[in-house]
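Asks: For reference, the chains in residue letters:
Protein chains: 2
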Amino acid sequence: MRIVLDAMGSDTCPEPELEAAVEAARLFGDEIILVGPIESLKPRLQTLGASTVSVRLVDATETITMKDKGLAMALKAKRRNSKTSMAVGIDLLKSGEADAFVTAGNTGGAWATAFFRLGTIPGVERAPLAATFPVKDGYCIVLDIGANPDCKPEHLLQFAIMGSIYANKARQIDKPRVAILSNGEEAGKGNELVRNTYPLLESSGLNFIGNVEGKELFSGEADVVVTDGFTGNILLKSTEAVAKLIMDILRQQLKSNLISMLGGSLAKPSLVKIRAMLNPDEYGAAPLLGLNGLVFIGHGRSNAHALVSAIKATRASVEANVLGSIRTAIQESLMKSTIKEIE
Amino acid sequence: MRIVLDAMGSDTCPEPELEAAVEAARLFGDEIILVGPIESLKPRLQTLGASTVSVRLVDATETITMKDKGLAMALKAKRRNSKTSMAVGIDLLKSGEADAFVTAGNTGGAWATAFFRLGTIPGVERAPLAATFPVKDGYCIVLDIGANPDCKPEHLLQFAIMGSIYANKARQIDKPRVAILSNGEEAGKGNELVRNTYPLLESSGLNFIGNVEGKELFSGEADVVVTDGFTGNILLKSTEAVAKLIMDILRQQLKSNLISMLGGSLAKPSLVKIRAMLNPDEYGAAPLLGLNGLVFIGHGRSNAHALVSAIKATRASVEANVLGSIRTAIQESLMKSTIKEIE
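Sequences listed follow chains A and B, in order. Per my numbering, residue 3 is the first one in the first sequence, and the count goes up by one each step. Per my numbering, residue 3 is the first one in the second sequence, and the count goes up by one each step.
In isolation and in its complexed conformation, chain A is listed as follows (with noise of 0.2 Å):
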């Protein structure tokens, strides 16, 4: 297998990329090609003893950081030409010389990078974005988490195929339950785009239960739920601002009351599992679906423990095809409604 890494990708890069590089390509048995600024990554790829593993790299000289957006970044994500690390590591799978592209950058340009550069699955509308949400007990997928702000049932439908397959490929749930994100659990209830798309999510052929809301999402209801972008990205974005919250709120009354008297071991176990939640990723990477290859998108603050995480979770989907199956079931379910069109 031959991952891409982007050695440009999270807040304190190359170093935690070069380490992770090296690692996975020992743990793994798989070609790593990291790609960045070749000339300052090969000494210190040297020093990390890279000569005994399978890692190669492959020269940018550009970059999209954290703070890049809007036009001017989709014109970098676009041209041609484009010497940032995400678009020639893209292009090494739009070239088949690769098999999967994992990156620790920004979300927005990791995404109009791949959308420009491999385009969508034939018949595939929208490329969603999808976050591993922890929940109660495990963890739910969330798409469209903001690629799309504006959505179709059509959309919908296909977010909800995809994410299906992702969930039972890459994360081995058998028959993963498909939920719609509503204003109420009763079917009936939504706006209009969730009314629309209930009917078709129910003679889909998936394990559809229905609308879930916030509490039955985050108490590990449904494996998959779907969303439009803009919804999807409130939702994403609230919870981790509320979590934020009253984590701030907890280290503040705990430094002046426990710790300094216990020491901070005792109150430990309880923020590491708490901060979980405030980056779904950190543990793992968030693909893109719906388009030509596998992109997979870690978390900026990741570190090389992370960074290993994700290209683990990618060979995942690499090794169980998640691609091919989408793309059959994409094809299977256009065919579907071409008939009923038909009859």
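What you were told as hints is all true, and nothing was included just to trick you.
No copy labels: a pair is met if it fits in one copy or bridges any two.
In silico DSS-like cross-links for lysine-lysine, where the CA-CA straight-line distance does not exceed 30 Å:
1. LYS154 to LYS217
2. LYS191 to LYS71
3. LYS191 to LYS80
4. LYS71 to LYS217
5. LYS69 to LYS191
6. LYS71 to LYS138
7. LYS85 to LYS191
8. LYS85 to LYS69
9. LYS138 to LYS69
10. LYS217 to LYS69
11. LYS338 to LYS191
12. LYS217 to LYS246
13. LYS85 to LYS71
14. LYS154 to LYS71
15. LYS44 to LYS85
16. LYS69 to LYS246
17. LYS191 to LYS217
Bear in mind the hints are in silico, worked out from the structure with no lab data behind them.
Fit chain B to the supplied structure of chain A, relying on the hints for placement.
Replies: This is chain B only, laid out in the frame that chain A set:
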């Protein structure tokens, strides 16, 4: 002042309501009109020494419970001769016999009853539910949080006007900072609704500060945040769910570690402060705005103390003439947009 209190609202009704009525009448010198089944309420009220204060009972033989929903609830709310405590109480506003109505009952039921029986203020197309979110060092009023899942830009403009008046008059916030909930801070970000609402808010004469995401909302950068009822409801329910999930983990961990060693006293301030976040309206009441009458909804878990707080919040709105100010502001806004069209 004459305030109607629904005797059959809270989860443990009517005890908290009976206590609160007597206490509020004593504390504020108002007439509290308690609406519910008079036969069972009367003897209980007498044991509370209500004879010395101004608490009046009005008979209502039926109730809208927390389980009522859908069409059956709408019919209960709408029926001309409805005998629910909400319908009878709200009819007292309509006939001019009272100044405001407070309930800790079913939010949807209260909204529907008030909407059907009072009607909207002339020119107002949608009546939003407003919730008060606890944020860093203060509060933020968010509307609509569920009454109107599908909204147009003109509706959100009216929500902004009403929310701003409420924040100013009832909460004494000078020039409330008004924002719109979006999936990005920059102007131009958002779904179609947000992008089309933005220019209306910009030229509204309100203190419009632009888009906010969850991060800015919970760090207290806005006093009033407008959104459609679908997104607002997702925001409310999902942040409540995350807060509850964190609290559950915390409580579990504290139980097994710290509390058993230290007694609960040291950890309690953290928990109490955070618990307030779970129930934004526990210490007040959420107004229904845009209707021909002042209606406030307290939390279902309200005890007598919380209900007295809800009555206090309601009094403030009556005293500040929130209703009259909204009527005037809506007329002015409509006149402004008519003039614009003529020009």
